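Based on these hints, arrange chain E on the given structure of chain D.
Chains as they are written, first to last, in this note's numbering: chain D, 115 to 891; chain E, 115 to 891.
Please note: incorrect hints may appear among the correct ones.
Stated by the list, open to error - Cross-link-like lysine-lysine pairs, in silico, BS3-like; alpha carbons within 27 Å at most:
1) E:149 with D:232
2) E:403 with D:149
3) E:433 with E:404
4) D:693 with E:370
5) E:404 with D:149
6) E:133 with E:404
7) E:555 with D:149
8) E:350 with D:350
9) E:555 with D:404
These are computed hints drawn from the structure, not numbers from a lab.
None of these values were measured; they are calculated from a predicted model.
Protein chains: 2
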Amino acid sequence: MAKVVERPQEKTALRVANKPVSRIDGVENVTGATKFGADFSLPGMLWGAILRSPHAHARIRNIEYAKALEAPGVVTVATAADFAEDVVEPTSRPHNVFAGDFALFLGEPVAAIAAVTKEDAEAALELIEVDYEPLPHVLDPEDAMKPDAPAIRHGDGGDIDRTEMSFHSSVASSAEDLDESGNVSSQVQFSRGDIEEGLAEADVVKEGRFTAAMVHQTYLEPHAALAHYTPSGDMKMWVTSQGQFYVRDTVARLLKLPAHKVIVQGTAIGGGFGGKMTLLAPIPAILSKKARRPVKVVWSRSEELVAANPAPYSVIDVKIGAKRDGTLTALQGRVIMDTGAYPGSPMSTATMLLGSCYVFPNMELEGFEVLTNKVSVGAYRAPGAPNSAHAVENVMNWVAQALGMDPVEFRLRNAIKEGDRWPNGQPLPDVGGVEVLEAIKNHQVWNTPLEQGSNGKPRGRGMAIGCWSGGAGGSAATIKLEADGSFSVLVGTINLTGSTTSIAQVAAEELRVPLEYVSVHQGDTNEAPYGPVAGGSQVTYTVSLSAAAAAHEVLRQMKGIAAQRLGADVDDIEFDDGKMWAQGDPERYVTYRRISDEAVGSTNGPIIGTGHGKPARGNPGFAGTIADVEVDTETGLVTILNLVGVQDAGFAINPLSVEGQIQGGTIQGVGYALLEEIVYDEDGSVRNPGLLDYRLPTAADVPNVDTVIVEKHNPYGWKGTRIVGEPSIVPPGAAITSAISDALGIPLHNMPLTPERIVMALRDARSNGRSNGEPTS
Amino acid sequence: MAKVVERPQEKTALRVANKPVSRIDGVENVTGATKFGADFSLPGMLWGAILRSPHAHARIRNIEYAKALEAPGVVTVATAADFAEDVVEPTSRPHNVFAGDFALFLGEPVAAIAAVTKEDAEAALELIEVDYEPLPHVLDPEDAMKPDAPAIRHGDGGDIDRTEMSFHSSVASSAEDLDESGNVSSQVQFSRGDIEEGLAEADVVKEGRFTAAMVHQTYLEPHAALAHYTPSGDMKMWVTSQGQFYVRDTVARLLKLPAHKVIVQGTAIGGGFGGKMTLLAPIPAILSKKARRPVKVVWSRSEELVAANPAPYSVIDVKIGAKRDGTLTALQGRVIMDTGAYPGSPMSTATMLLGSCYVFPNMELEGFEVLTNKVSVGAYRAPGAPNSAHAVENVMNWVAQALGMDPVEFRLRNAIKEGDRWPNGQPLPDVGGVEVLEAIKNHQVWNTPLEQGSNGKPRGRGMAIGCWSGGAGGSAATIKLEADGSFSVLVGTINLTGSTTSIAQVAAEELRVPLEYVSVHQGDTNEAPYGPVAGGSQVTYTVSLSAAAAAHEVLRQMKGIAAQRLGADVDDIEFDDGKMWAQGDPERYVTYRRISDEAVGSTNGPIIGTGHGKPARGNPGFAGTIADVEVDTETGLVTILNLVGVQDAGFAINPLSVEGQIQGGTIQGVGYALLEEIVYDEDGSVRNPGLLDYRLPTAADVPNVDTVIVEKHNPYGWKGTRIVGEPSIVPPGAAITSAISDALGIPLHNMPLTPERIVMALRDARSNGRSNGEPTS
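Bound-form chain D, shown alone:
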């Protein structure tokens, strides 16, 4: 179990919250009973298959599919022509179901077929005749920024839809986007003080150029969706997605249906990490509308790796200056983010986060989002933040080293606190950066010197911190008292991370019943209260408040019934453990079961309450990583010896769940640091579209992640709760890179540090005669 660093809070009265609880859905999950996206079928159902562009960039002159329609089992074909008003290069990938006049990346959907079997559908794809005129393409964002680069976009493109990215971060950029030109789809600037002065007054200045690879969210379960357009014009859908309401609204808009006629049941979800929103859903929807039969589409892993919405490749320059006493004076940063064929990358956030952990009196940050002929990028757990932290935190460690300071002490001296401002000018609430740093400082691993191994392989230690703003969307919950005195909670959010269990804990705590007396249900989009996308770490943060409000309303009604029965004043009613009584007379009680019965027969009617609202504001979450590594300098293979994840959870409603989140994010950070990269060939095709070649961290790659939960009270959350899901992925890449750098005595700049890259970096360092200093790899 995680060690919890508790701050003194009123926890004595707690009985369900703040206690480690196994996931309510755990048994169903491990016994295979849970139904995920691909597990839903309907009688008379067709299967869909997708035809994808074989060119990274091409004009589509014509699509002819008469032959495909005559193929065995084929019922219908859909193309961009079925979304007539949306074909002209929309800037939003979710709203561009099929390529219109141009295919902008290799793998972009061009058409889809619905047939009686999956095999029939796939076989008929070959019979669709597409007349392509190949066009010059560009894959590297720095190449794409050059004046003579091929233009990715052909029309004016309209307004850019940044809805998806907005789910993940509630931080607004105070700087206006500058004019866009050429393939730069977005630009941002944040500045403070005078950067030149800041650098001039520094005693130490360090800088580097850092790259982070395009990586895939690699959820266990690929995209899957089943759509059934009924005779009465209802579009019923079963979709694995992080946001059933977002799917609903997107499909409704694309198919021009009223929102309540699109009924989306978000299924149990096998991971999402920001990457599973609406990419697939409109395809079975349009096929079903045309075929008037249910249609299911399930992506292959290869389709996932070629054509989903991975995390962006970025090139980040960072320069940091500090005085001899360790006071920071300046931060200069420049982000180039490869957004692929559609805008919508987390470039603004990544740029701002460069200056989000420390107080820099002088700052100049600029960011560029650049179009290329690659798959468009999406959100991946704290989108853009691992890229930022990788750059800033490595340079911070170099500065500390140059100053001869402990990197944790250096950070503590400059750590951002309540009232300090982020680069966009936003003043910070009570954040836990200092507490996270203190937990690292006090951690046994950090205080145990790293001994060299007996095999002669060099070892190193690194640490880093990072933060994430997170979402704070509006949500609602309904609670009702059942006939036997138990409670049902209804929410509209997807149970992506075990949030259902945490919400049950909140309701049980407020209603003062054992956890077994509460069940949480996720209705479809018509049945359930609105809930935000399960992204931006916001679900437990916001729904806990709604659930608590609903519980209070339910208690209010229950007290009314109890007061009437007991002949007492409603304000004197006390309650616990499924009973209510009048103050001072606990022996004469009414059970919740009896209250339920009486309520139905009274003018109150059945006991039911809704809670709705949104947190007054977001409050960033901080995380830190300590990594100890050993490097085989011959093969370049890195072994992680110790991995410590520290995170401020505000108030850990379910410490077991928080620990799981910290461990999951940290391990995904290992993927960023050492293994994962979508590799493009020159023609724009993905060279490693399978899990044999796209390497994920396995149990063999990672030691146990030792976790520490810090609880820095968040005044805007339920009992101090703050966002949890994302921050843990932010620092590991930087910490591990720094540890390897420490082991090898050379600066390292690129993620992932595959064995090949490490061997090359060592070779470069040797050939340059340098074992430390300026950037080499």
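Chain E alone, transformed into the frame defined by chain D:
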């Protein structure tokens, strides 16, 4: 369309309510897309089959099913031993899933098998060896009341559960039940004044003994249920039932599960009429719990006719006295109701309803519920009321005839009104009996003399009225504003009669949007707000109030958002047609769509509201029938020439739906009057367990039912709404019997008046040399 007799009310502002609207689910229903109970299946699903007692009464010495378990495909067997604590003759049929030590009627479930196919399950039934000791049985309730009759019950039986019947009528009996003895399971008495004096002061006294047959509700769709006991111990069920919460609570109690672990989705339902509650559901539930696989059971029509819960056979004596001026002086009545093998018949209600339409200054009513070795009875649309009306209304017509008064005028002189009391002492609210009688009096059919046909066949006219108290249970509804400005309503009641459409009209009217902007959804028992059983005509009556309350809460929140945006006072906000504005400035409006958007981003959060409550009281509904008939005296065949249904709906939310209810109830009354009867052989077996021999009214048997909707404002209902579903079935049996009597010139006493009974009655009358007068048939 129905003619609506309107009373002056404020209807000018109405735009959606009180307008005829096609059922929202109509297209799905007529295209076959709607999924009813038997249409649900799950992977790995087993089929269940039920072994039934071949004896009307027997001791069960032993059940051996080892051989059945070895049969091909068989997975498990369930018997009463699986409900150990409930086997000793419970008095509630729903809680007695299988016969325990005794089988009490032929067809009673003794065991059930779950197997891979339905055929496997049915084939293996023969391999269950049951050691029966046949016992003497009794089928006729009057025989069962004799001192030497075999005892039906063997234990003390415990408390009688009258839950199901309570759904249908909110009328309480003020008389205490007398001691039970022998096979009389319940007794009731109502008295007022002095019956002997009342009869003595009468100038005319008429009396008769009337029988009504045991008839089946004959819903189109037989009982069907699918149960899935999941690895985490959830019992998920898809059941065709009138009350998903009642199924939930019954299964939870029987299987000893917490209520929220039994998740019942009431499916679309192909009729119920009171007869479709929980009879079947526990069987697939226990089979699934034992097999750990989904189990489906679907009844055959024969199982329905042999072993469901039909309407009771009754023998009713009525004597009525009146003065020469038409003033009623006395009512004496005695009800013997055959409840079959389990108590729970509508005997009390039937007894009380004898005196419910007119003011009788002196009254003596008694009722006996009698056990027999037949299937136990259940509710059927206004349970017991057609039996009562058949007796009272025929005698009323004889009295009118003897007085030389028009039967409508006679009734108007004595009709019950607000403030008058029912036999149980309950004072009446504002009822519409007088208005219904006036609508009959003014009807074209009533005012057009009945001409004799050219074929020489005698013709006759009859009229009758009747009433029904109905239910008024607690209910709740949730409404939320969707992203596009439309609304979703969530309820927990079954859409048995088209109530969903009426509720959508209520919400649209309150929210001032077109009907297309509102959808109504029925969640499962965990998702949906509690809703009462769809029985007792109560759903629209009670849920309309909850939906209106939820709409008001939603509007309150919406006005808050609008006021903020418009910089206006919230009390000044006006709204219509999807827009809100500040009073006096309608040009500067906010759309509902915009309000939805702003709310999610505000501290209000998503707009959602619940409404909960119950009507302050029930308020009976009155109906009347005019029937013109022609009788073939040689064959006994009756042809209905005109059939008029008049009913007070209070306020017809959807006149089209009200008309459908009146027509449906009236036609079922034709079944009571002329065709339907479950016929028992001496051994206790049903002689006509199929729809070839159990004759229902078809289109060939019934003319168009001319309907008149009366609107007598009900102060307890939404805009005056009162119960609608049941009253229309009450008077047709009496009116048609009376019309045949009028045609033939002989009194008639038994329903149904099959051709055989009519020929026999004519023969009896001829042999007695009487063409009018005392009872003969």
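Quiz item: Which of the stated hints cannot be reconciled with the structure, identified by number in ascending sequence?
Solution: 3, 6, 7 and 9
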